[in-house]
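Asker: Please model the complete structure; the sequences and the hints are all you need to start from.
Residues per chain, in single letters:
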Amino acid sequence: MKKIRPPVIFISIILLIVLAFIYFALDLPSRSKAVPLLVGAITIGLIVLQILLETVPTLSKRLNVKVDLFSEKIENAKKKQEKEQKRPIDQNEDQVKRFLDIWIWITVLAIGVFLIGYLVALPIFIFLFYLIRGDCKWPIALGITFIFWVAIYFTFEVVLHAGLYKGIITTFITN
Amino acid sequence: MFDAVLTGLAYLLSIKVILLMILGSFIGMIFGFLPGLGGTIALAIFIPFTFGMPINMSFAFLLGMHSSVMFGGSISAILFNVPGTSQNIATCFDGYPMSQKGEAAKAIGIAGTSSLLGGLFGALVLAVSLPIIRPFIMAFGPAEFFMLTVFGLSMIALLTAGTIIKGLIAGGLGLLTSFIGLDYITGSPRYTFGNLGLWEGINFIPAVIGLFAIAQMIDLYIQGGSIAQRDIVKTGSSVLDGIKETFFRWSMVLRGSAIGSFIGMIPGLGGTVANILAYGHAMQTTKEPEEMGKGNPDGIVGPEAANNAKEGGALIPTLAFGIPGSEGMAILLGAFVMIGVVPGPEMVTKHADIVYMLVFIVAIGNIIATGIGLLSANQLQKLTVLPGKQLIPIILAICMLGSFVARGRFSDVLVALIFAILGYYMKKFGYSKAAFIIALVLGTLFERYYHVANRLYGSWFFLKRPIALFLLILVIISITLPFVKSKKRNSWGNIS
Chain Z
1 MKKIRPPVIF
11 ISIILLIVLA
21 FIYFALDLPS
31 RSKAVPLLVG
41 AITIGLIVLQ
51 ILLETVPTLS
61 KRLNVKVDLF
71 SEKIENAKKK
81 QEKEQKRPID
91 QNEDQVKRFL
101 DIWIWITVLA
111 IGVFLIGYLV
121 ALPIFIFLFY
131 LIRGDCKWPI
141 ALGITFIFWV
151 AIYFTFEVVL
161 HAGLYKGIIT
171 TFITN
Chain C
176 MFDAVLTGLA
186 YLLSIKVILL
196 MILGSFIGMI
206 FGFLPGLGGT
216 IALAIFIPFT
226 FGMPINMSFA
236 FLLGMHSSVM
246 FGGSISAILF
256 NVPGTSQNIA
266 TCFDGYPMSQ
276 KGEAAKAIGI
286 AGTSSLLGGL
296 FGALVLAVSL
306 PIIRPFIMAF
316 GPAEFFMLTV
326 FGLSMIALLT
336 AGTIIKGLIA
346 GGLGLLTSFI
356 GLDYITGSPR
366 YTFGNLGLWE
376 GINFIPAVIG
386 LFAIAQMIDL
396 YIQGGSIAQR
406 DIVKTGSSVL
416 DGIKETFFRW
426 SMVLRGSAIG
436 SFIGMIPGLG
446 GTVANILAYG
456 HAMQTTKEPE
466 EMGKGNPDGI
476 VGPEAANNAK
486 EGGALIPTLA
496 FGIPGSEGMA
506 ILLGAFVMIG
516 VVPGPEMVTK
526 HADIVYMLVF
536 IVAIGNIIAT
546 GIGLLSANQL
556 QKLTVLPGKQ
566 LIPIILAICM
576 LGSFVARGRF
586 SDVLVALIFA
596 ILGYYMKKFG
606 YSKAAFIIAL
616 VLGTLFERYY
626 HVANRLYGSW
636 FFLKRPIALF
646 LLILVIISIT
656 LPFVKSKKRN
666 SWGNIS
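Chains as they are written, first to last, in the working numbering: chain Z, 1 to 175; chain C, 176 to 671.
To be clear, the hints were calculated from the coordinates, so they are not data collected in a lab. For glycine and all other residues, C-beta sits at the position ideal for the given N, C-alpha and C. Please note that the accuracy of each hint is not assured.
As the list claims (entries may be wrong) - Heads up, simulated SDA-like pairs for lysine to any residue below, C-alpha to C-alpha not over 25 Å straight-line:
{"no.": "1", "chain 1": "C", "residue 1": "Lys-602", "chain 2": "Z", "residue 2": "Trp-138"}
{"no.": "2", "chain 1": "C", "residue 1": "Lys-191", "chain 2": "C", "residue 2": "Ile-222"}
{"no.": "3", "chain 1": "C", "residue 1": "Lys-639", "chain 2": "C", "residue 2": "Val-659"}
{"no.": "4", "chain 1": "C", "residue 1": "Lys-564", "chain 2": "Z", "residue 2": "Ser-12"}
{"no.": "5", "chain 1": "C", "residue 1": "Lys-191", "chain 2": "C", "residue 2": "Val-512"}
{"no.": "6", "chain 1": "C", "residue 1": "Lys-602", "chain 2": "Z", "residue 2": "Ala-151"}
{"no.": "7", "chain 1": "C", "residue 1": "Lys-603", "chain 2": "Z", "residue 2": "Ile-44"}
{"no.": "8", "chain 1": "C", "residue 1": "Lys-564", "chain 2": "Z", "residue 2": "Val-159"}
{"no.": "9", "chain 1": "Z", "residue 1": "Lys-97", "chain 2": "C", "residue 2": "Lys-564"}
{"no.": "10", "chain 1": "C", "residue 1": "Lys-469", "chain 2": "C", "residue 2": "Ile-596"}
{"no.": "11", "chain 1": "C", "residue 1": "Lys-564", "chain 2": "Z", "residue 2": "Asp-94"}
{"no.": "12", "chain 1": "C", "residue 1": "Lys-557", "chain 2": "Z", "residue 2": "Thr-170"}
{"no.": "13", "chain 1": "Z", "residue 1": "Lys-166", "chain 2": "Z", "residue 2": "Ile-116"}
{"no.": "14", "chain 1": "C", "residue 1": "Lys-564", "chain 2": "Z", "residue 2": "Ala-110"}
Stated by the list, open to error - Partner residues are not named here, just some residues of chain C that face chain Z (Cβ under 7 Å, in silico):
{"no.": "15", "residue": "Leu-357"}
{"no.": "16", "residue": "Ile-360"}
{"no.": "17", "residue": "Pro-568"}
{"no.": "18", "residue": "Ala-572"}
Answerer: The structure is reproduced here in structure tokens:
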């Protein structure tokens with residue numbers, strides 16, 4: 001079975017999102033849905049065209065949809081960039097690993113902020129990131145974390161009275 | 176009049192006032208640098224500190240601070256692809272690529288000098304046009320505002336040269352996203368799914384932070400290394416080159432400043448629109464179009480001159496009619512009333528000295544901010560050679576804070592993360608993030624002014640109003656001109 005290429009998967013997801021926009025617009029009052037439906041319909045047409053271009057390579061040549069706005073310099077620069085971006089397969093696998101790795105860090109940070117708030121979650125995140133991924137010695141990681149914590153506490157709590165999000169656990173405990 | 180100018184200047188000739196302006200400029204730059212804060216929040220926080228101060232001192236501090244925010248925002252946009260304020264968004268498009276090429280100091284030099292010149296231009300426009308501007312501003316209504324948003328949206332086609340379908344898809348998605356929230360015309364919620372937090376729509380700040388900053392940090396982590404390579408920075412150019420480069424592009428400075436002042440004068444559009452329109456204009460007129468989005472100085476000069484010139488322009492309706500030209504000006508208007516000066520038509524006749532004092536504050540505030548920024552540019556550039564792994568946690572933490580503090584809602588952090596995923600894949604598969612963000616900013620205004628103009632003047636409103644018609648012609652010219660130029664160039668190439 002032929003493998004579906006990542007750009008096709010991405011544009012298909014965008015197609016589903018735009019279809020959802022159109023579907024949920026149908027129940028709106030006529031004045032409210034007019035512009036979203038119009039924009040949605042045009043976007044769907046463009047997405048279908050893009051999917052065809054991605055899946056049928058000969059079509060792109062036949063339609064000649066490249067808009068040569070500023071001479072061929074742009075196309076040449078793009079080709080050069082694409083050439084530079086082509087990597088061996090093992091390097092791509094490494095990229096997927098790194099992508100998952102950073103997303104785990106970001107997700108854990110977001111969950112941490114949600115549970116224990118900014119003033120606790122951010123310093124823990126920074127300390128652990130420097131220690132585990134930043135290859136820093138723990139006194140340096142601790143020092144940077146402390147300086148950052150003092151800076152955000154002073155700026156947002158003391159000066160701005162911004163009332164940083166405290167997290168559901170912290171709020172539960174303090175109440 | 177000359178007496179009023181001298182009296183206005185005399186108000187500022189005191190050590191205390193100058194020190195307050197320096198303090199204000201410094202605070203303004205910090206508020207601009209940190210995403211999610213910006214000038215409006217800075218003014219709201221510091222207005223209470225000016226209670227009881229004489230008018231010259233309070234406005235030296237407040238307006239000095241407000242004038243410096245833009246340049247502060249451009250520094251984080253250039254160094255980390257994190258626009259400090261929504262009005263620096265276009266600075267990311269070419270500022271960050273310059274940093275990647277090891278030219279961060281030069282880019283800051285360009286941004287600083289353009290901001291300064293734009294600010295001075297705005298102050299000059301304010302001084303000269305205030306007594307005569309009334310009929311011009313009154314000539315603008317919903318039909319003209321609609322055509323201005325169309326003009327902004329037409330930039331999407333230019334921003335996506337070479338991959339126009341992908342660019343238009345990104346623009347369409349941005350427009351659809353801008354429709355999330357309460358419909359201003361019918362009052363019915365759209366795509367909110369019963370969530371009250373979505374009634375105000377998608378907040379621009381977390382969307383930009385996710386789309387540009389977090390997505391960029393993910394990319395930096397995956398690619399490894401640093402923003403710029405150490406050896407490139409060593410041989411790269413300095414802040415002085417940036418200053419020279421800006422003066423070399425004086426025509427772009429003037430045009431960007433004119434766009435900024437013009438947009439500033441019209442209440443309801445704001446600095447983000449000015450910034451985007453100036454970028455679009457730079458794209459159309461630059462001599463190196465193939466370099467746009469890859470570190471073309473014109474992509475910084477135009478937008479930065481525009482967003483700072485806008486401040487002078489925004490003071491015009493604020494002072495002349497008491498109608499604030501921007502959110503920041505609305506807060507300043509409150510400060511005026513608090514002090515006992517009521518802006519309006521009499522401002523020019525009865526309080527001309529105060530008007531000229533404000534002109535001088537805008538001008539001097541910009542000079543101070545640029546001085547601070549340019550002096551620190553070479554040091555700031557060193558941040559771009561720090562290993563990504565040491566920069567990423569701090570930037571991510573600031574992004575998380577910035578997404579939250581804009582409205583004080585945790586849901587905005589989730590919005591930033593969703594847009595980060597979108598931004599990462601948009602970049603990976605060649606969809607224009609700039610087109611998406613332009614549509615997101617202008618979408619709401621586009622729809623609102625369309626409905627209001629339609630109701631006021633009928634379906635063919637853009638043909639019935641002379642200025643709207645003129646703007647329509649401008650839109651058509653601006654879209655077709657690059658195509659015509661390109662065709663001409665190609666046919667000449669074939670002949671030769």
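Asker: Just to be careful, I want the Cα atoms of Lys-97(Z) and Lys-564(C) compared with a cutoff of 25 Å; is the pair within it?
Answerer: holds (16 Å)
Asker: Is the hint on Pro-568(C) kept, meaning its closest Cβ partner in chain Z is under 7 Å away?
Answerer: holds (4 Å)
Asker: Would the hint on Ile-360(C) be counted as holding, given a Cβ-Cβ threshold of 7 Å to chain Z?
Answerer: Because about 6 Å separates Ile-360(C) from the closest Cβ in chain Z, which is inside the 7 Å limit, the hint holds.
Asker: Hey, Lys-191(C) versus Ile-222(C), does the alpha-carbon distance stay inside 25 Å?
Answerer: holds (18 Å)
Asker: Given the hint that Lys-564(C) pairs with Ser-12(Z), does the C-alpha gap stay at or below 25 Å?
Answerer: violated (33 Å)
Asker: Are the Cα positions of Lys-469(C) and Ile-596(C) separated by 25 Å at most?
Answerer: OK: Lys-469(C) and Ile-596(C) at ~22 Å, within 25 Å.
Asker: Does Asp-94(Z) lie within 25 Å of Lys-564(C) when you go C-alpha to C-alpha?
Answerer: Judged against 25 Å, a Cα distance of about 16 Å means the pair holds.
Asker: CA of Lys-564(C) to CA of Val-159(Z), is that 25 Å or under?
Answerer: violated (30 Å)
Asker: Sort out whether Thr-170(Z) lies within 25 Å of Lys-557(C), counting only the CA atoms.
Answerer: Since the Cα atoms of Lys-557(C) and Thr-170(Z) sit roughly 38 Å apart, the hinted pair is violated (cutoff 25 Å).
Asker: So if I understand the rule, the pair passes when the alpha-carbon distance is 25 Å or less; does Lys-166(Z) with Ile-116(Z) pass?
Answerer: This hinted pair holds, its Cα atoms lying about 6 Å apart.
Asker: Regarding the pair Lys-602(C) and Ala-151(Z), is the alpha-carbon distance no greater than 25 Å?
Answerer: violated (33 Å)
Asker: Given the hinted pair Lys-602(C) and Trp-138(Z), is their Cα-Cα distance within 25 Å?
Answerer: violated (35 Å)
Of the numbered hints given earlier, the model fails hints 1, 3, 4, 6, 8, 12, 15; all others are met.
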